[in-house]
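> Using the hints, position chain B against chain A.
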Amino acid sequence: MKWFLVMVLVAATTAGDVFRSMGMKHHGEIHDFRPGAIGRALHALVQNRYVIVSTFSMAISFFAFIKLVAIAPMSFAVPMSAATFIPETILARFLLKERVDWQRWTGALLIASGVVFISQ
Amino acid sequence: MPATDRRDLRSRTRLFTAIVVLSNVTGNSLLTHGMQQLGDPGNTPLALIGALFHPWVAAGVALLIVWTLSHMALLSWADLSYVMPVTAIGYVLAAISGRFILGEDISVSRWAGILLITAGVMLVGRTNPATAGTVAE
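Chains A and B, in that order, are what the protein sequence lines are. In terms of numbering that gives the first Met the number 0, the first sequence opens at residue 0 and continues consecutively. In terms of numbering that gives the first Met the number 0, the second sequence opens at residue 0 and continues consecutively.
Extracted from the complex, chain A is given alone in its bound form:
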């Protein structure tokens, strides 16, 4: 059960972040932060299919994490959640076509290992 929840958590968080990024890039840059403009942006975003899939994935991720911390210690759950750094960086490079240079790869690996240490 524990490892099943870890798999659900990693898959749902990765999908949530990648679809959110995709949806926001499709929507375009937000640079007007007046209340009316934010309202118009939110109205467009609730109809954005990528954002809808992202929100659904994030909800699954949230409940998987809550369930995981209920049956396993935080020192297990938090490092497991950091496993998303690697698949997200790979998908950012190949699916979102971002320029992921050696600094970003090294940074992602340093942070993922750092999260394992910090949760001990």
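Keep in mind the hints are simulated off the structure, nothing from the lab. Check each hint, because a few of them may be wrong.
Unchecked claim - Stretch-level coverage of chain B by chain A, calculated; a stretch enters the list once three of its residues show a Cβ under 8 Å from a Cβ in chain A: (1) 69-76; (2) 84-92; (3) 106-115.
Said to hold, decoys possible - Which chain A residues face chain B? A few, computed with CB under 7 Å, are given here: (4) R19; (5) E28; (6) I85; (7) T88; (8) K96; (9) R98; (10) L109; (11) S112; (12) V114; (13) F116; (14) I117.
Using N, Cα and C, we set each Cβ at its ideal position, and we do this for glycine too.
Relative to the frame of chain A, chain B by itself:
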């Protein structure tokens, strides 16, 4: 991209990164504090909705809404492979606030984690935040 636009992008990215990190760390802390005070609300949807009216839980949820909106705004111009690592500084902030607010001990391995995350964030923070551009529908 002209130098002034690049500087503007960097300062806007830093401001939103700070909002994303602070709202996430504070929101999660308030939510955890509220849920601990409340105890197990049970598994029924009504009980979970009822938990949202607890003041600490409500404040935590409000900050997590700020986190969601600022994270979305940041991702409208910045790369996911930039945003995800730089916002990981929140793990360091949570550990350090645990030390100074809750008086928790920071072990040697936790210090090692803090150093590794800080080094990773500094490394990624040096890169250009936006390399992929936006996609028009």
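> Are the hints correct? Go through all of them and say.
Taking the hints in turn, this is what the structure says about them:
A count of 6 residues in the stretch 69-76 of chain B with a Cβ less than 8 Å from any Cβ of chain A is obtained; the coverage claim is therefore met, three being the minimum. Figure legend: the stretch 84-92 of chain B, annotated as covered by chain A; annotation consistent (4 residues with Cβ-Cβ distances under 8 Å, at least 3 required). Counting residues of the stretch 106-115 of chain B whose CB lies closer than 8 Å to any CB of chain A gives 8, which reaches the minimum of 3, so the coverage claim holds. A cut of 7 Å between beta carbons decides the hint on A/R19: the least distance to chain B is about 6 Å, and the hint holds.
At about 4 Å, the closest approach between the beta carbon of A/E28 and any beta carbon in chain B falls short of 7 Å, and the interface hint on this residue holds. Checking A/I85 against chain B: minimum C-beta separation of about 11 Å lies over 7 Å; hint violated. Because the beta carbon of A/T88 sits about 5 Å from the nearest beta carbon in chain B, less than 7 Å, this interface hint is met. The closest approach between the C-beta of A/K96 and any C-beta of chain B is roughly 6 Å, which is under the 7 Å cut-off, so the hint is satisfied.
The interface hint given for A/R98 holds, since its Cβ lies 4 Å from the closest Cβ of chain B, which is under the 7 Å cut-off. For the restraint placing A/L109 at the interface with chain B, the shortest Cβ-Cβ distance is roughly 3 Å, inside the 7 Å limit, so the hint holds. Satisfaction of the interface hint for A/S112 is found here, the shortest Cβ-Cβ separation to chain B being roughly 6 Å, below the 7 Å cut-off. Below 7 Å, beta-carbon pairs count as interface contacts, and A/V114 has one with chain B at about 6 Å; its hint therefore holds.
Hint status for A/F116: holds, given a least beta-carbon distance of 3 Å to chain B, under 7 Å. With 7 Å as the threshold, the beta carbon of A/I117 comes within range of chain B, its nearest partner Cβ sitting at about 3 Å, so the hint holds.
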